[in-house]
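Working from the sequences, and respecting the hints, build out all of it.
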Amino acid sequence: MKVTRRQLLQTGIGTVAAYGVPRFARAQARPVKLAALLPLTGPFAFAGNAALDAFRDATDYVNEVMGGVGGRKLELIVEDTGYDVAKGTAAFNRVIGKESPEELLFVYGDSTGLSKALAPEIARLGVPYSATSYSSELADPERYPGIWVFGPTYSDMMEALLRYIHEKKPGARIALVHSNSEFGRDPIPYVKQRAAQLGLPIVAEEVTPLVLSDATPTILKLRQAKPDFVLTQGYVLTAEPLLVKTAREYGLNATFMGTYYSSEVILMKRAGPAADGFIATYHNAYSYDKSTPAVQAIYELRAAKGKEPGYLTTFYMGAFFVGVAVGEAMRRAAAAGELTRPGITKALGKMWDYDAMGLIHSMRFVGHRLPYTRLYRANAGKGIYEPLTDWLELA
Amino acid sequence: MTFFWQLLLTGVATGALYALMSMGFVLVYRATSVVNFAIGEFLLVGGYVTFTLAHFLPLPLAMLGALPVAFLVGVGVERAFVRPLIGRSVVAVIMATIGLALTLDGAAQLVWGPDQKYLSGSLPPVLLTFGELILPPRAFWSLAISLPVALGLIYFLQKSRWGVLVRAVSESEVAALAMGIPAPRIVTAVWGLSAALAAVGGALLAGLSGVGPHLVQLGLMVFPVTILGGLESVGGALAAGLIVGVAEALSKGYLEAYLPGISETVPFIIVLIVVLVRPYGLFGRRDIERV
Chain A
1 MKVTRRQLLQ
11 TGIGTVAAYG
21 VPRFARAQAR
31 PVKLAALLPL
41 TGPFAFAGNA
51 ALDAFRDATD
61 YVNEVMGGVG
71 GRKLELIVED
81 TGYDVAKGTA
91 AFNRVIGKES
101 PEELLFVYGD
111 STGLSKALAP
121 EIARLGVPYS
131 ATSYSSELAD
141 PERYPGIWVF
151 GPTYSDMMEA
161 LLRYIHEKKP
171 GARIALVHSN
181 SEFGRDPIPY
191 VKQRAAQLGL
201 PIVAEEVTPL
211 VLSDATPTIL
221 KLRQAKPDFV
231 LTQGYVLTAE
241 PLLVKTAREY
251 GLNATFMGTY
261 YSSEVILMKR
271 AGPAADGFIA
281 TYHNAYSYDK
291 STPAVQAIYE
301 LRAAKGKEPG
311 YLTTFYMGAF
321 FVGVAVGEAM
331 RRAAAAGELT
341 RPGITKALGK
351 MWDYDAMGLI
361 HSMRFVGHRL
371 PYTRLYRANA
381 GKGIYEPLTD
391 WLELA
Chain B
1 MTFFWQLLLT
11 GVATGALYAL
21 MSMGFVLVYR
31 ATSVVNFAIG
41 EFLLVGGYVT
51 FTLAHFLPLP
61 LAMLGALPVA
71 FLVGVGVERA
81 FVRPLIGRSV
91 VAVIMATIGL
101 ALTLDGAAQL
111 VWGPDQKYLS
121 GSLPPVLLTF
131 GELILPPRAF
141 WSLAISLPVA
151 LGLIYFLQKS
161 RWGVLVRAVS
171 ESEVAALAMG
181 IPAPRIVTAV
191 WGLSAALAAV
201 GGALLAGLSG
211 VGPHLVQLGL
221 MVFPVTILGG
231 LESVGGALAA
241 GLIVGVAEAL
251 SKGYLEAYLP
261 GISETVPFII
271 VLIVVLVRPY
281 GLFGRRDIER
291 V
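Those sequence lines, one after another, are chains A and B.
To convert, note that position 394 of the first sequence is 394 in the numbering used here; the numbers rise steadily by one, no gaps.
To convert, note that position 286 of the second sequence is 286 in the numbering used here; the numbers rise steadily by one, no gaps.
Bear in mind the hints are in silico, worked out from the structure with no lab data behind them.
Beta carbons are placed, not taken as given, at the ideal position from N, Cα and C, and that holds for glycine.
Any given hint could be a false lead.
[What the hints assert, rightly or not] Calculated lysine-lysine pairs in the BS3-like style (CA-CA distance at most 27 angstroms, straight line): (1) B/Lys117 x A/Lys305; (2) A/Lys290 x B/Lys117; (3) A/Lys226 x A/Lys168; (4) A/Lys116 x A/Lys346; (5) A/Lys116 x A/Lys192; (6) A/Lys269 x B/Lys117; (7) A/Lys290 x A/Lys305; (8) A/Lys307 x A/Lys382; (9) A/Lys346 x A/Lys98; (10) A/Lys350 x A/Lys73; (11) A/Lys116 x A/Lys87; (12) A/Lys307 x B/Lys117; (13) A/Lys382 x B/Lys159; (14) A/Lys382 x A/Lys346; (15) A/Lys73 x A/Lys307.
[Unchecked claim] Partial list, computed: chain B residues near chain A (C-beta under 8 angstroms): (16) Leu7; (17) Leu17; (18) Gly99; (19) Thr103; (20) Gly106; (21) Tyr118; (22) Leu127; (23) Glu132; (24) Ile134; (25) Leu205; (26) Leu208; (27) Ser209; (28) Gly212; (29) Ala249; (30) Lys252.
[Said to hold, decoys possible] Residues from chain A that face chain B, not an exhaustive set, calculated with beta carbons under 7 angstroms: (31) Asn49; (32) Asn180; (33) Val207; (34) Pro209; (35) Ser213; (36) Thr216; (37) Pro217; (38) Leu220; (39) Pro241; (40) Ile266.
Encoded structure:
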């Protein structure tokens with residue numbers, strides 16, 4: 001049978017129409033996915049649930065305001081880790097086993113321990129990953145190539161505090177109070193080394209549990225050491241309120257300082273006037289800072305969804321930042337025709353011009369972390385943290 | 001020397017709080033032989049109930065108001081979790097209390113939400129000084145509340161009719177029933193009282209650093225205290241609480257510089273040493289049933 005050119009063309013078009021178009025349409029309709037493994041229960045449920053709310057809002061923002069990711073919708077997958085490495089690992093395996101590598105393009109986890117446990121799998125799968133942890137150890141592209149820290153490390157945060165101390169009072173006496181945990185110990189070697197370089201003597205080091213029933217012995221020993229500044233690390237406002245209250249009662253006049261997890265305003269509610277003057281590092285925007293475009297955008301989005309307009313915690317702001325920044329990285333990867341895990345990894349390394357509407361100073365990663373922060377000082381009368389410095393570049 | 005006395009003073013205050021937290025645990029064990037692994041969650045619920053009431057009432061009244069609520073929670077727990085297991089193996093009851101702990105953790109998050117909370121208001125700021133020694137308000141209130149409650153409870157158990165009934169039930173529930181003692185009602189009341197005592201402890205702890213799941217972690221101190229004092233000795237819980245509180249404070253003051261983190265383990269080291277010599281604790285009975 002002789003086939004004419006017209007018949008051949010008709011057959012070809014028909015075949016494309018029958019098989020190609022639906023496949024193309026399916027590919028376009030297929031979502032891209034971000035998995036968030038969050039501590040929705042357990043001792044860090046307060047942070048996990050705030051982050052969940054933020055990731056949901058960020059997903060909506062990427063889809064509705066940013067127009068999706070290269071014509072595809074961003075979809076959020078959520079798993080509870082209970083702040084437990086075993087449960088978190090199981091959740092990770094569940095997500096990885098269920099989702100296709102073409103769709104699941106980013107994973108967000110919940111702690112240093114979990115991140116370290118997952119690191120070999122993350123490297124093997126080539127999936128870009130971040131977490132709630134700002135561990136200095138994780139920001140190591142050589143050792144953990146898939147892990148990105150969306151903020152400064154705890155060592156960076158301490159660097160900011162030490163620089164401030166050095167500038168305000170050269171030779172000031174420093175005391176360290178940290179929890180007996182991986183989180184608490186993380187930046188301590190760096191602090192000791194850096195303080196020595198800056199000529200800031202460390203006159204005391206107190207190691208405590210994560211939660212205190214009495215801070216008197218700690219404060220009495222600090223009082224003997226007569227520090228000018230007390231650097232705290234490794235608590236989530238479970239110990240700081242008691243420390244500052246007890247310090248006030250025993251007449252210890254040092255300035256207390258803390259890092260990211262001490263920067264939530266609940267400190268002032270829990271410690272009252274004793275919290276006044278507490279200095280903390282914080283690298284996103286407070287939700288009461290209405291001059292930040294991201295804050296306006298968040299409240300507009302939430303208002304449109306009928307959500308409450310109240311205060312949003314630092315944990316919310318941090319997770320919203322990660323959500324929109326990952327969405328932006330995906331959009332850039334899609335624009336470059338590389339909406340894949342390696343494509344997003346590449347995009348993350350080139351987002352120098354992006355500041356997530358003022359939620360971060362810059363997305364210029366240095367050693368897989370964003371070494372920028374600001375210092376804030378607690379104003380107990382107003383119940384808020386007020387900016388003490390502009391952005392500090394720490395690397 | 002002031003340093004030592006200051007540590008001793010605040011150690012006693014902390015120890016009194018530990019004793020208060022532990023007494024409810026001991027009461028339940030004494031009356032029912034149940035090791036209540038949900039004691040930390042009882043503290044948590046007490047803290048949260050006080051937190052809720054403190055929105056409407058001054059803190060001292062909120063703490064008082066939390067007592068009947070916590071009592072009812074204790075009664076409910078006994079009815080729902082413990083009574084159905086009467087006659088079952090001790091392991092089953094222990095597993096039930098572990099399940100209860102998880103249930104209460106989840107329920108607290110559902111009812112009060114996961115966000116960080118603080119206790120509004122405060123107890124009157126009594127600051128006592130003795131020469132160079134200072135007794136800050138928290139330590140004062142720990143002592144002022146915990147010691148009278150603990151001593152009152154010991155007196156109540158020794159001298160009152162209800163105390164005698166509780167002791168009778170704890171000696172032998174079957175014999176008590178045979179004597180016409182309403183043992184089930186006594187056991188229910190003991191669970192309620194245990195929850196109420198924990199609520200006071202929870203409220204005092206919540207005043208330190210806010211309300212939240214970290215209270216459960218502080219509640220774990222009940223275990224070394226009760227094992228040290230003897231699982232069924234209310235007086236032992238008081239003595240052991242004071243010993244642990246003082247040991248913790250002194251080790252924090254004198255050993256921490258050489259052995260960072262030692263003060264966290266000191267209570268357990270003491271327990272280990274004492275249990276090696278007296279397996280039934282400092283004030284426990286020799287015929288103690290171990291689980």
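Hints the structure fails to honour:
Violated: hints 13, 14, 18, 19, 23.
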